[in-house]
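J.: Chains as they are written, first to last, in the numbering used here: chain F, 6 to 213; chain X, 239 to 316.
Rather than coming from a laboratory, the hints here were simulated on the basis of the structure. Hints may be right or wrong, so weigh each one.
Unchecked claim - Taking lysine-lysine and the BS3-like style, the derived pairs with C-alpha atoms no more than 30 Å apart in a straight line are:
(1) X:K243 x F:K37
(2) F:K26 x F:K73
(3) F:K155 x X:K243
(4) F:K185 x F:K106
(5) X:K288 x F:K106
(6) X:K243 x F:K185
(7) F:K83 x F:K73
(8) F:K83 x X:K243
(9) X:K243 x X:K289
From a predicted model like this one, the values you see are computed outputs, not experimental measurements.
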Amino acid sequence: MYSTESQSMATEPYDWVENLKNESHRDDAIGKLREVLLRGLKGAFYRRGQDDAFCEDICQESLIRIIKNIDSFEGRSKFTTWAISIAIRVGISELRRRHHKDVSLDAITSKNDMKIELAVAEEGASGSDIDQRAILETLGELIENQLTDKQRTVVRALLGGMPVEEIARRTDSNRNAVYKLFHDAKLRLKSGFEASSYSMSDIESVFA
Amino acid sequence: MPLSKQQIDTLLTLVVNSSADAMECDGCLVNVAQFAEAELMGASLCESMKKVQTHLRNCPCCNDEYEALLAALEFVEA
Numbered sequence: 006m007y008s009t010e011s012q013s014m015a016t017e018p019y020d021w022v023e024n025l026k027n028e029s030h031r032d033d034a035i036g037k038l039r040e041v042l043l044r045g046l047k048g049a050f051y052r053r054g055q056d057d058a059f060c061e062d063i064c065q066e067s068l069i070r071i072i073k074n075i076d077s078f079e080g081r082s083k084f085t086t087w088a089i090s091i092a093i094r095v096g097i098s099e100l101r102r103r104h105h106k107d108v109s110l111d112a113i114t115s116k117n118d119m120k121i122e123l124a125v126a127e128e129g130a131s132g133s134d135i136d137q138r139a140i141l142e143t144l145g146e147l148i149e150n151q152l153t154d155k156q157r158t159v160v161r162a163l164l165g166g167m168p169v170e171e172i173a174r175r176t177d178s179n180r181n182a183v184y185k186l187f188h189d190a191k192l193r194l195k196s197g198f199e200a201s202s203y204s205m206s207d208i209e210s211v212f213a
Numbered sequence: 239m240p241l242s243k244q245q246i247d248t249l250l251t252l253v254v255n256s257s258a259d260a261m262e263c264d265g266c267l268v269n270v271a272q273f274a275e276a277e278l279m280g281a282s283l284c285e286s287m288k289k290v291q292t293h294l295r296n297c298p299c300c301n302d303e304y305e306a307l308l309a310a311l312e313f314v315e316a
């Protein structure tokens with residue numbers, strides 16, 4: 006049973022940290038870790054249309070990051086799980102960078118107008134159309150009056166499909182800061198709805 | 239350009255599920271390996287792991303990385 010917050014569920018017989026830090030064992034340990042990472046990367050990225058060369062490049066970059074940050078490994082998971090999670094993030098970041106390299110933030114967020122317009126679709130509407138329209142009008146007002154320009158930009162970019170880290174890169178920010186903007190925007194909208202006498206269950210029932 | 243119905247539904251779902259004490263992306267990154275192991279073993283989740291779970295439901299970027307991590311772990315274990 007998984008009962009503690011700081012203990013890994015499974016232990017590994019091979020002491021990765023010790024061997025990666027030990028100069029006389031390091032090359033062997035890196036070779037072993039490279040095999041594990043490559044296998045994991047192939048499992049994750051072949052299905053995303055990537056090839057061996059991509060996996061090899063990501064593996065190499067990941068090994069450097071893992072060894073550089075090895076002291077941040079706290080033993081909450083198996084070392085290999087932690088290492089693969091880093092490699093996956095390196096790989097996904099590269100795919101996102103490539104995918105969005107020719108897409109400008111302005112193209113997604115609208116160059117001159119950060120207001121979010123709401124198109125109320127009559128067809129396919131669930132629940133009461135009148136209730137739905139009232140909620141959408143409130144949402145539109147809240148977006149316009151309660152959110153900052155930065156929050157509207159982030160909301161629009163995320164809903165347009167641009168990943169958090171890509172927005173961060175283009176706004177000279179970081180992923181946490183962008184996520185925080187989005188998070189705070191959601192909380193403002195939520196409290197705005199509540200101040201307008203809409204409970205979250207009202208909204209869920211109308212848009213279920 | 240107006241938001242599509244799907245985008246509006248997504249936004250409303252995220253608003254409804256938002257919580258003041260939600261975990262941020264960095265917190266998710268620190269805990270996601272542990273969470274993945276718990277999920278793969280079908281173990282019950284402690285409070286910090288439940289916060290990871292909630293973050294993954296609300297953050298498409300972290301969730302995308304998590305799905306890739308699961309695929310990688312399943313391949314490594316196979």
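J.: Now tell me, hint by hint, if it's right for this structure.
T.: Outcome of the hint check:
| no. | hint | in the structure |
| --- | --- | --- |
| 1 | X:K243 x F:K37 | violated (49 Å) |
| 2 | F:K26 x F:K73 | holds (11 Å) |
| 3 | F:K155 x X:K243 | holds (23 Å) |
| 4 | F:K185 x F:K106 | holds (24 Å) |
| 5 | X:K288 x F:K106 | violated (34 Å) |
| 6 | X:K243 x F:K185 | holds (25 Å) |
| 7 | F:K83 x F:K73 | holds (18 Å) |
| 8 | F:K83 x X:K243 | violated (42 Å) |
| 9 | X:K243 x X:K289 | holds (28 Å) |
Checked against the numbered hints given earlier, the structure breaks hints 1, 5, 8 and satisfies all the rest.
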